[in-house]
Each structure stands twice: as structure tokens, then as C-alpha cells.
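Number of protein chains: 2
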Amino acid sequence: MCSLPDGLDLVSGRRLEHVDIAYETFGALDEGATNAILICHALSGDAHVAAGPDKHGAEKPGWWEVMVGPGQAIDTDRYFVICANVLGGCSGTTGPGSLDPATDTPYGTRFPLVTVEDMVAAQAVLLDRLGVKKLLAVVGGSMGGMQALAWAKFYPERVRTCIGVATTPRLAAQAIAFNEVGRTAILGDPDFAGGDYYGGAQPEQGLAIARMVGHITYLSDESMRAKFGRRLQNRGDHAFDFVTEFEVESYLAYQGRKFVERFDANTYLYMTKAMDYFDLASGADSVASALAETPVRFLLLTFTSDWLFPTYQTQGLVDAIRVARGEVSFAEIESPYGHDAFLLEPEEQRRYIEPFLARALAEARGEIAPHTSGGDAQ
Amino acid sequence: MCSLPDGLDLVSGRRLEHVDIAYETFGALDEGATNAILICHALSGDAHVAAGPDKHGAEKPGWWEVMVGPGQAIDTDRYFVICANVLGGCSGTTGPGSLDPATDTPYGTRFPLVTVEDMVAAQAVLLDRLGVKKLLAVVGGSMGGMQALAWAKFYPERVRTCIGVATTPRLAAQAIAFNEVGRTAILGDPDFAGGDYYGGAQPEQGLAIARMVGHITYLSDESMRAKFGRRLQNRGDHAFDFVTEFEVESYLAYQGRKFVERFDANTYLYMTKAMDYFDLASGADSVASALAETPVRFLLLTFTSDWLFPTYQTQGLVDAIRVARGEVSFAEIESPYGHDAFLLEPEEQRRYIEPFLARALAEARGEIAPHTSGGDAQ
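Line by line, the protein sequences give chains A and B.
Position 114 of the first sequence, counted from 1, bears residue number 114 in this note's numbering, the numbering being contiguous throughout.
Position 261 of the second sequence, counted from 1, bears residue number 1261 in this note's numbering, the numbering being contiguous throughout.
If you're looking for bench data, these hints aren't it; they were derived computationally from the structure.
C-beta: ideal position from N, C-alpha, C; glycine also.
Errors might be hidden in some of the hints.
[As the list claims (entries may be wrong)] In silico contact screen, one side only, chain A against chain B (beta carbon under 10 Å); selected entries:
1) L113
2) R170
3) A173
4) D189
5) G206
6) M212
7) K227
8) F228
9) G229
10) Y277
11) W307
[As the list claims (entries may be wrong)] No farther apart than 20 Å at their CA atoms in a straight line, the calculated lysine to any residue pairs in the SDA-like style are these:
12) B:K1060 to B:L1343
13) B:K1258 to A:G188
14) A:K133 to A:P370
15) A:K258 to B:G1188
16) B:K1227 to A:W307
17) B:K1133 to B:R1078
18) B:K1227 to A:Y312
19) A:K227 to B:Q1313
20) B:K1134 to B:F1154
21) B:K1227 to A:D279
22) A:K227 to B:W1307
23) B:K1227 to A:Q313
24) A:K258 to A:Y197
25) B:K1227 to B:L1344
[Unchecked claim] So the derived label-pair ranges between C-beta atoms look like this:
26) B:E1332 to A:K134: 51 to 57 Å
27) B:P1295 to A:L232: 31 to 37 Å
28) A:A102 to B:D1191: 35 to 41 Å
29) B:D1191 to A:A284: 45 to 51 Å
Same shape as in the complex, but just chain A:
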């Protein structure tokens, strides 16, 4: 845990006097502090990116352990990996479920809206505290990728490379619409109680519906057909009732129930709003001018069946980086798994990420000259 010494001024104009950041590190920082990688998590993630003991000492899987760990694409035997729960989160970092020091009660929706930029500003203070002046790489998928892009925009001198997977410089209307359905379900749940539900009944129905909608958007039509088809659970024929009967219904209901046990509905509101607000071009005429002459080298990966963060959006970003005279590698990976592919296709991602990081590390250590012209990964 790290407490920010000076509080945090937010993009909204509001200020948080007290901010704690829950973070974990994996591997060791080398002598020249050349090997630090910050991993940014997505909507429902936390600081526990790789397998290892949790805060109580029990061994716990990491949410991206297929990518981050000893011998993985982001090899913790080689790199010093940092992952922090985002500002507004519900896994240790200050968020709407934290106590407001002014009232000694949980903030609820009195917590100020946070932006992706605010999340990144908090992470920058954390890195100061850890003695990391410059990151070898900032890496993230989905909302984590938005943070990685914000790092490149706001702290170009502090990141050598930016790896964005299944992400976007801004959400389109359809993704905002799905987020709004989830928020409407939470805000309208009678147990939401204006956000002041801590210590009482949780808005479980609303949060479960939000998660069900989310899950559909994380998968693809193709993967859902392969995984569930039209199969019925526990029976050969229809029930002619409103019970759950198709396997896909049962899967979604389970995902909804499971999520409610581990996630805070208010944080869901704050995270989705931060994603909706994020626009890499904000404050500039365009993404290209926001990133003009950027010294950061980018690796951007998308997946063919990801319709929530579709390839055309990243392709637009690639074009903008080139207009900005930046360096970018880009690959669209063939996968049936939809948006979830960033969690499910480690081998394909490794093909691009491992050599990209190895070259960056060699450059950081002065072993090879910096690469100066952009190129496509495919």
C-alpha cells in the first residue's frame, strides 16, 4: 500500500485529500532501473496480475498469469512488474467504498468521478515512490490499454514503450450504450439506495445484470455458438416455464452471481464512466496532434472477433501515430474468443510482446542502438 503524500487533484476540478494505492510487484528492479514494467488492469481487475501469495499469504492465481510470471511473455525473472489497483477501484485503492475522512463514512457516489488520466496520475506518484523514473513498458488490455495510452500521452518522457491490447483511443456509441445499460440497472436497483448501501443489502440484481450484459460483449457470436450452442441444461426438452434452461442462460446467471460476491457496484459505475469519458484526443485537435513527435514506441494488438474494441478503432490509432511521426507495430490476431481473447490467447500475444520487450530492454541498457523507423508486426 502506498499513500500519496499530497493527495490528488482530479481532472474534474475536485480533489482527493487522501489516496491509498494498493499495488503489488513481481520480480526485482535491476541496478540501472531499466527493467520496470507497469501493467494496468481492466474494469474488474486488481493488483494481483501474476500468481503469488495474496495479502493474507495464501497462493492466489493472477488475473493475467498466462502472460505475466516466471518464463511468461512478460517474464518476472527478467522484468520488474508493478500492478496497482486503479483509483476508484474496490480492491484496496481509494474508491467509492473507502471512508471519506471528512465524514468517516463511505463515500458512495459522493466520491468524485475519476478519469483514466486521474488513474494514471496516481500511478505516476506510486512510481516515484518506488524509485522508477522511466518505465521500460506500460502494458494493458481493454481499460488497461486506455491507461497505457494515457501514459504515452501525458508522460512520454517516462515510458519507453506502450503495449495496448484489445483497446481503443475512445469508445464508440455502441460500447457507451452497453455501459449505460449496466449503470441504469445498478442505479435503478432499490437496494442501490443512492450509493449508500454499504453495511446493508447490496444492489445485487443491478450489478448482476450489468455483468451479464458485459459478458455477452466480452465473448463473440462465434465463441458463444461453440461454447453453448442451443444446448439445454439438465433436460432434453423445453420446460415451458421461465426457469433458466439454455446453457447460455445458466452461464450468464452464474457470472452475474459470482461477480456480485467480489465487486462493488459503485466501482462498476465509476469504471464504466471513466471508460466512456476517455478520449486520447481530448485537449488536442486529434489523436495525431495529442501524440505529435512522441518518443514512445507502441505495440498494438487486436483480435479479429473482438466487437467491443474492434480492430478498426486501433487501426485509426495506428494511422494517427504514424501521422504523428511515432513508431508503432500493429497486429490483428485471428481468434474466435472476442474481447476476452486478451486473457485467453497468451501464445499469440507472446509472439509479438516478447521480442518487443527484449529489444526495448537491450536499448534501455545501451546494448543496441535505438530503433528509429516504425514497422508493422504483420
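Please build the complex by placing chain B on the supplied structure of chain A, with the hints as guidance.
Just chain B now, kept in the frame of chain A:
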């Protein structure tokens, strides 16, 4: 209004003793009864397919008036058009909001689950009462198209042609999943009260959420970008609050509120369940064997951006009809409007439907010999 004289035995094994069918007709049946067309409506439709006076005599737009009316593709100066509210509906036909004669209270969820086959069986009795032995065409989009396909399967001797637009022989898992989100929102709304909410507060929140999800699936990413983009309503900058601020949010919230005023939440449950259950192959080995040697001629239309009823599903049906040695014309229409294109692209549909119907009418009247080999519309 037409009361079925013998009640109705349902696919579920249950029976409705008393069934009223609300229907409207447009145009006139010709002497040989060759020109009757049945239009089947989608989830939220009703019998008022074309513009004309409603039951109170007030002029009212029809839900498919761009396609059905004097001089339209389905020309009511030429054809006798029948449209009935489906069984289980909430616009005059017997459904969950109707009084159960056994208890003299609304059925609620004690109403038996109805299938697309049941809807069609009720329509068949209506046609008997109207003196229509054989339809020139049965036409429908979305769930209406499922009914049109069921007509071709169960009453092949009673339909010359079947026109299915933006429809499918069966929903895939993704569409069932979206339906289940809507049902979960309705069933979990405290005002749902087990379905016995008539006369009290309606489950408005649940039904509105269901409609919001539905609306996203009726549009396309492309059309939502064109229609809303990331524009904010009534302000140039973010509110940093959980109020509705993106235009797309405001649109969805409006669609949700508007729907609650005109539609019954129980009917929403029954319609989505009927769609989920529908499988043109049920009772047979395959769609091809279900339609073996069918004498019905098919015209099937899809839209490029319709991801709820995607073209690949209709393409599979086209292949099955050909295996069944049936006749089918098929076209995929280029449109950005998603599933809603069937309501928004009359000119493109007219190009295929108008000549298809004209030829069928000429054949029905013996003016030309029946066409015997299938062909593609494109």
C-alpha cells in the same frame, strides 16, 4: 376481433379454452380469393401494419406503413392484407394480461408459454373464419419471419409463397443471451410481483432495461456512430456526474420510457421465450427434412449490418431449402441500419418483394405457368 370457436391446444400440452385474436385487414379479397397476404409482426408489433384508422377511428401510422399500403411494395390496392396481434400479445389478442376465465383475474405468468407454432395455429383458424383457404404470401420480419417460416413448414398447402426478412430458422446463443438479460431485468424488478402487477405499479425499470438492451441489438455499431457518435447532449463538456450526458444514453433512456407506456412486461417475457424456443428443424432431423419437397416458394432477405439476425443464418436456411428441393430467392441488402433495416429500407426490399408477389399473383390466377426452378435474387 375473432374468437376461436374451439379454443387452442398448445405445443406445451396445455390448452387455452378461450382465445380472441385482434386483427385488421387492408384492401379487398378478390373473387377467387387469390390475393390474400398475411403479415406477421415482430416482438413489439401489433395488427396495425398499415396506416389507417385505429379501433377508435383515429388515423394512426402503421408499424410497416413504408412497405404496406396503397402503392407500396405490398400494395393494398392490389392485395388483401391481414395482420393479427400474436397469441400472447398485449394489443388485443389473448395473452398474459387477459382475464383467465377460470378465475376472472389476469393470467399473469399462469398464462401458458406459447410457441411460434402456436401463434401460427391461431392465425390459421382466423384465416378459416375470413374464408382464406390459401395465402398468396405470408410475410414477416424478425419474429414475424419465424412465423412465416413456421407457416411454410406446418401449412405448406395453405401458402404459395413465404417472404422472410431479417429472420432466422433459429436463434444462436448470443441472441438468446440478450433475451435472457431482458427477462432477468423484468423478473427481478420488485414491481414485477411474480407477474401479478396488473392494476398496480408496473415493472417499469425491468422492462425499460430490456428495451434498452434490445435497441442496441436492433442498431449497428456503424449506425450508432453515425447517429450519435460521442456527442454530448445540452452541454459542451462532461458533467462529472452519473446523469445522462452522451446522446446515445439519452436516446436509450427515452426508448425505454416510451416502451413502458405501450407494452406489457409479461408479453415481453412470452415473446422472447417463443423466439428462443423456435427451431425450424424441431421434430425433424434438419431444416432440410422439415421442408422436404416443399411446394412453397421462398424469398429471404437479410441486411449486411444486422448482427442480431446475421446473414450466415439465413444462408444456412437457403442451403437447406435447396437440399429440400424447394425454391428460394435470396438477397443480402447492403445497409448500415442493423436489424432495424427491415423497418427502414423499404426501397431496397421493394426491389425484391414487388416482382416476387406480382409473379405469384399471376400464377395464382393462372395467367402464367408456375415457375419451377429456384434462382437467386442476386
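Evaluation of the provided hints:
no.: 1; hint: L113; verdict: 4 Å, holds
no.: 2; hint: R170; verdict: 6 Å, holds
no.: 3; hint: A173; verdict: 4 Å, holds
no.: 4; hint: D189; verdict: 8 Å, holds
no.: 5; hint: G206; verdict: 9 Å, holds
no.: 6; hint: M212; verdict: 5 Å, holds
no.: 7; hint: K227; verdict: 7 Å, holds
no.: 8; hint: F228; verdict: 4 Å, holds
no.: 9; hint: G229; verdict: 6 Å, holds
no.: 10; hint: Y277; verdict: 6 Å, holds
no.: 11; hint: W307; verdict: 7 Å, holds
no.: 12; hint: B:K1060 to B:L1343; verdict: 17 Å, holds
no.: 13; hint: B:K1258 to A:G188; verdict: 17 Å, holds
no.: 14; hint: A:K133 to A:P370; verdict: 19 Å, holds
no.: 15; hint: A:K258 to B:G1188; verdict: 17 Å, holds
no.: 16; hint: B:K1227 to A:W307; verdict: 19 Å, holds
no.: 17; hint: B:K1133 to B:R1078; verdict: 18 Å, holds
no.: 18; hint: B:K1227 to A:Y312; verdict: 18 Å, holds
no.: 19; hint: A:K227 to B:Q1313; verdict: 18 Å, holds
no.: 20; hint: B:K1134 to B:F1154; verdict: 13 Å, holds
no.: 21; hint: B:K1227 to A:D279; verdict: 19 Å, holds
no.: 22; hint: A:K227 to B:W1307; verdict: 19 Å, holds
no.: 23; hint: B:K1227 to A:Q313; verdict: 17 Å, holds
no.: 24; hint: A:K258 to A:Y197; verdict: 19 Å, holds
no.: 25; hint: B:K1227 to B:L1344; verdict: 14 Å, holds
no.: 26; hint: B:E1332 to A:K134: 51 to 57 Å; verdict: 52 Å, holds
no.: 27; hint: B:P1295 to A:L232: 31 to 37 Å; verdict: 33 Å, holds
no.: 28; hint: A:A102 to B:D1191: 35 to 41 Å; verdict: 36 Å, holds
no.: 29; hint: B:D1191 to A:A284: 45 to 51 Å; verdict: 47 Å, holds
Consistency with the previously given hints is maintained throughout, with no hint failing.
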